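Asks: Could you slot chain B onto chain A? The hints should help.
There are 2 protein chains.
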Amino acid sequence: MARERRAGGRRSKAARGSDTIPQLPLKPLSNPHAPVELLNEEQIQALHDTSMRILSELGIRVMGERVLGIFERAGAIVDRETSTVRIDEDMVMEAVATAPERFTLTPRNPEKRLEIGGNALCFGLVAGPPYVHDRINGRRSGNLKDYENFIRLAQHFNAIHLIGNQVTAPQELPANNRHLDTYLANLTLSDLSFHCTAIGRGRAMDGIEMMAIARGLSLDQIAEDPGVITIISINSPRLFDEEMGEGLIAMVEHGQPVTITPFTLMGAMAPVTLPAALAQQNAEALFGVVLAQLVKPGAPVMYGAFTSNVDMRSGAPTFGTPENTKANMIAGQLARRYGLPYRTSNANTSNAVDLQAAYETGMATWGAVMGGGNMIYHAAGWLEGGLTASYEKLILDVEILQNIIEFVQPVEFGEEELGFEAIKAVDTGGHFFGTDHTMARYETAFYQPMLSDWTNYENWEIAGATEAVDRATNLWQQALKEYEEPPLDAAKREALEAYVARRKEQIGDGSP
Amino acid sequence: MARERRAGGRRSKAARGSDTIPQLPLKPLSNPHAPVELLNEEQIQALHDTSMRILSELGIRVMGERVLGIFERAGAIVDRETSTVRIDEDMVMEAVATAPERFTLTPRNPEKRLEIGGNALCFGLVAGPPYVHDRINGRRSGNLKDYENFIRLAQHFNAIHLIGNQVTAPQELPANNRHLDTYLANLTLSDLSFHCTAIGRGRAMDGIEMMAIARGLSLDQIAEDPGVITIISINSPRLFDEEMGEGLIAMVEHGQPVTITPFTLMGAMAPVTLPAALAQQNAEALFGVVLAQLVKPGAPVMYGAFTSNVDMRSGAPTFGTPENTKANMIAGQLARRYGLPYRTSNANTSNAVDLQAAYETGMATWGAVMGGGNMIYHAAGWLEGGLTASYEKLILDVEILQNIIEFVQPVEFGEEELGFEAIKAVDTGGHFFGTDHTMARYETAFYQPMLSDWTNYENWEIAGATEAVDRATNLWQQALKEYEEPPLDAAKREALEAYVARRKEQIGDGSP
Numbered sequence: 006m007a008r009e010r011r012a013g014g015r016r017s018k019a020a021r022g023s024d025t026i027p028q029l030p031l032k033p034l035s036n037p038h039a040p041v042e043l044l045n046e047e048q049i050q051a052l053h054d055t056s057m058r059i060l061s062e063l064g065i066r067v068m069g070e071r072v073l074g075i076f077e078r079a080g081a082i083v084d085r086e087t088s089t090v091r092i093d094e095d096m097v098m099e100a101v102a103t104a105p106e107r108f109t110l111t112p113r114n115p116e117k118r119l120e121i122g123g124n125a126l127c128f129g130l131v132a133g134p135p136y137v138h139d140r141i142n143g144r145r146s147g148n149l150k151d152y153e154n155f156i157r158l159a160q161h162f163n164a165i166h167l168i169g170n171q172v173t174a175p176q177e178l179p180a181n182n183r184h185l186d187t188y189l190a191n192l193t194l195s196d197l198s199f200h201c202t203a204i205g206r207g208r209a210m211d212g213i214e215m216m217a218i219a220r221g222l223s224l225d226q227i228a229e230d231p232g233v234i235t236i237i238s239i240n241s242p243r244l245f246d247e248e249m250g251e252g253l254i255a256m257v258e259h260g261q262p263v264t265i266t267p268f269t270l271m272g273a274m275a276p277v278t279l280p281a282a283l284a285q286q287n288a289e290a291l292f293g294v295v296l297a298q299l300v301k302p303g304a305p306v307m308y309g310a311f312t313s314n315v316d317m318r319s320g321a322p323t324f325g326t327p328e329n330t331k332a333n334m335i336a337g338q339l340a341r342r343y344g345l346p347y348r349t350s351n352a353n354t355s356n357a358v359d360l361q362a363a364y365e366t367g368m369a370t371w372g373a374v375m376g377g378g379n380m381i382y383h384a385a386g387w388l389e390g391g392l393t394a395s396y397e398k399l400i401l402d403v404e405i406l407q408n409i410i411e412f413v414q415p416v417e418f419g420e421e422e423l424g425f426e427a428i429k430a431v432d433t434g435g436h437f438f439g440t441d442h443t444m445a446r447y448e449t450a451f452y453q454p455m456l457s458d459w460t461n462y463e464n465w466e467i468a469g470a471t472e473a474v475d476r477a478t479n480l481w482q483q484a485l486k487e488y489e490e491p492p493l494d495a496a497k498r499e500a501l502e503a504y505v506a507r508r509k510e511q512i513g514d515g516s517p
Numbered sequence: 006m007a008r009e010r011r012a013g014g015r016r017s018k019a020a021r022g023s024d025t026i027p028q029l030p031l032k033p034l035s036n037p038h039a040p041v042e043l044l045n046e047e048q049i050q051a052l053h054d055t056s057m058r059i060l061s062e063l064g065i066r067v068m069g070e071r072v073l074g075i076f077e078r079a080g081a082i083v084d085r086e087t088s089t090v091r092i093d094e095d096m097v098m099e100a101v102a103t104a105p106e107r108f109t110l111t112p113r114n115p116e117k118r119l120e121i122g123g124n125a126l127c128f129g130l131v132a133g134p135p136y137v138h139d140r141i142n143g144r145r146s147g148n149l150k151d152y153e154n155f156i157r158l159a160q161h162f163n164a165i166h167l168i169g170n171q172v173t174a175p176q177e178l179p180a181n182n183r184h185l186d187t188y189l190a191n192l193t194l195s196d197l198s199f200h201c202t203a204i205g206r207g208r209a210m211d212g213i214e215m216m217a218i219a220r221g222l223s224l225d226q227i228a229e230d231p232g233v234i235t236i237i238s239i240n241s242p243r244l245f246d247e248e249m250g251e252g253l254i255a256m257v258e259h260g261q262p263v264t265i266t267p268f269t270l271m272g273a274m275a276p277v278t279l280p281a282a283l284a285q286q287n288a289e290a291l292f293g294v295v296l297a298q299l300v301k302p303g304a305p306v307m308y309g310a311f312t313s314n315v316d317m318r319s320g321a322p323t324f325g326t327p328e329n330t331k332a333n334m335i336a337g338q339l340a341r342r343y344g345l346p347y348r349t350s351n352a353n354t355s356n357a358v359d360l361q362a363a364y365e366t367g368m369a370t371w372g373a374v375m376g377g378g379n380m381i382y383h384a385a386g387w388l389e390g391g392l393t394a395s396y397e398k399l400i401l402d403v404e405i406l407q408n409i410i411e412f413v414q415p416v417e418f419g420e421e422e423l424g425f426e427a428i429k430a431v432d433t434g435g436h437f438f439g440t441d442h443t444m445a446r447y448e449t450a451f452y453q454p455m456l457s458d459w460t461n462y463e464n465w466e467i468a469g470a471t472e473a474v475d476r477a478t479n480l481w482q483q484a485l486k487e488y489e490e491p492p493l494d495a496a497k498r499e500a501l502e503a504y505v506a507r508r509k510e511q512i513g514d515g516s517p
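Sequence order for the protein chains is A and B.
Residue numbers for the first sequence follow the working numbering, beginning at 6 and rising by one.
Residue numbers for the second sequence follow the working numbering, beginning at 6 and rising by one.
Isolated chain A (complex conformation) (with noise of 0.2 angstroms):
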């Protein structure tokens, strides 16, 4: 019974007192359920046919001599006047041949290893927005106390297995240097892997050297065993810039993985129509895979998408709409098709933690994994279109996302799973409660939610009718009070924190 796995095995937080937030313990996540198809092999054929031809006869504008040098080595046909990139399918195919169908992520914890690719699933925390939000304290520029709060929340709750590219951007901090904080961040107070900011070679390269740092390695031993993975945005349509090549050619150079993204919003960065965007999307994702592969063939590489819609009153991105699910679904046949492991968004458009947040989400989230998503971002915290990390939406999305980890349970069972005899011992119109089978089980049986609130009406009323937003701000509050830090060896936290001061001492007005 896929129930006991709960008595045996590392025991949820939970377990270590009874007033603290019952949660699922950590587990590495598998889908066994087959993803959904909405497209046929006939219109998927057409979708890849059609990224072909944007590829081989329109291209992408590449910005930055090496990205060109590279695709010029590589026999593509590049317009030096244009600084166009052209390429044919078998540089894709070759490509695609190439790139793993599944790797490793090993942060300092290595429990915390995470595979991603085939059926692994995980998901990972809010990432770039610019504002935090909680209900006690309003809405304010990010920070790095704040930033720092969101890392421990994320090292709480185990159903966040990743912290994407800086969860909030802490401004008051300068910007060429304030990648170093946030690694700082992420490596004291979580033992979780994360996002390298991958603006340029320099914040790609210092999150590499201070997760090397953290787990005693060398670059050439993080090479073999990646920690630490970033997202390549590609400027839609069709504009690959520099800053991003640098920072790919880095992470791929050293062994990292790296994610291919392009943000393609239909009706703004994409046409209006989803098979369109779609090919669009899966155009320029595709040039930045075959990047990978001409940099470093058999670099962990993986299949990203952001497709959704806008609205076409007001041109705001909105997510969590029925297009966005069609589209996340859709991407994970193309990423299936090329064998790559798939990258995908639950995010949300509503600029509350409300009903709108909530139903968006879960839209988004069923989409995702029911699309065979291996790696959903943005999973925890996501606000106001990605404007806002929101302290009660992330506690809203722990719940959401506790109940698809349950849901992605095999049900396996025997006799007594059966219940023959359990059944045969009631009386007919008689109950359940207090038998020995009952009895048995009664604790372990089924998910204990945080946020939910299960009792019947009269007793939520006198108990002071608190709605679950409301029990969303005390939640968030506890979290951060039972949150422990986890333990860094000394010398390992001296040595970020030298390292951090070097290259601040380095960059200083310049460039990282």
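No lab work stands behind these hints: they were computed from the structure.
None of these values were measured; they are calculated from a predicted model.
Check the hints yourself; a few may be wrong.
Note that identical chains are pooled: a pair holds if it fits in a single copy or bridges any two copies.
To be verified - Result set (DMTMM-like, lysine to aspartate or glutamate): computed pairs, CA atoms no more than 25 angstroms apart in a straight line:
id : residue 1 : residue 2
1  : Lys497    : Glu510
2  : Lys486    : Asp186
3  : Lys150    : Glu510
4  : Lys301    : Glu106
5  : Lys32     : Glu42
6  : Lys301    : Glu94
Replies: Relative to chain A, chain B alone:
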């Protein structure tokens, strides 16, 4: 392109005026996605075998001579002392073979005829709550005024296809004849099919007769083209009540479909383990299917599932849980094994229309839809574990259902939607706003929500920072204003009213 359907056929109600609530057009739904299969064949066989043991070794206790007699004449083993009926696998499989795989339900508006079975999908209004709630007037006992309002909302929103058994009980009216007032409201304020209350023969017959009057049919004619349906509950574990038997027989004899739904809460009315609860549910549901086929071979009958868990600390029923989701999916596998149309639900546990209500409903809705449900009951308005019919929850649910309705629209496309020329026409790093390809499609390209607010944070704040639940309060009031009573021939209305008056007199202080 799937989008084009919006432009053709019946226009959405939104088209009537620019300030009306946007909604999807009335349209039969079919779910093109392969259902999630949680159990393998061997596991499904184990559930089936356990169910057969329950039916043949333990049996079902049957109240009421008529049903006992039917089983006895069919060759079942009937123990008169304990009123227990035992049936074997052959009898079950014969019944399953004569039950149709699909059937139709025709209301007085033939445009709203429902296909039930196969890939067809429909959503029903919440049924059964003793209380009503909205955020202006608070919580109150069910009453006819609110009953009527909910029927108006069900009529107004195209996402609601069917009226369940009493959206709320009008408690100010006599219990022995209030079903007549609710049927009259169903038939005058809406033109949808509805569920009869099949507690005994009289209430079922009243529903059939009144639907026949509204459609201008005789009882013989409506028997050939059914218009009402009911749910036959099993008093789990393994008890079949007399009133339910009488209701079932009346419906089946008159050609109206029945749904057999055991109420198998794990840990309470069923064992604490999912496989055992499902084996029990399966045995109980099949028992009702057999009875229907014995009454009339070929009778339309639906496999009903309502397995969820209880909160083991309070004993309260819980819905929208991972266990509930899994149960609904596995029950779908069982229904398909027997070739029976499948009724399930997307309920939740929350006491308020809050985050919990939204994420539990989202979880349950995906479980029901991806579990292959044909009729998803309680799909609009369910709150407090079914104790309250909620106005705001209905609005939330319609938004969730519309997202799902969009999700099940097949993705179809040609060259234009693949958009190579559209992509070619936009510069690298440019945008697609205002291009011909976009302008030709932007008005109908994407789903337009009614509850979601997609304006950016600044505009949302300037406009009052209204959260979704407050928008829902506005929307149900607006919907009641926009509601239009469907035309009904004056003679039919008179005949219905006369029927109600006559039956009230007949019933007097007695039972219907």
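Asks: A separate judgement is required for each hint: does it hold in the structure or not?
Replies: Status of the hints after comparison with the structure:
no. : hint               : in the structure
1   : Lys497 with Glu510 : within (20 angstroms within a copy, 88 angstroms between copies)
2   : Lys486 with Asp186 : within (23 angstroms within a copy, 56 angstroms between copies)
3   : Lys150 with Glu510 : within (23 angstroms within a copy, 74 angstroms between copies)
4   : Lys301 with Glu106 : within (15 angstroms within a copy, 56 angstroms between copies)
5   : Lys32 with Glu42   : between (28 angstroms within a copy, 23 angstroms between copies)
6   : Lys301 with Glu94  : within (19 angstroms within a copy, 63 angstroms between copies)
Violated hints: none; the structure is consistent with every hint.
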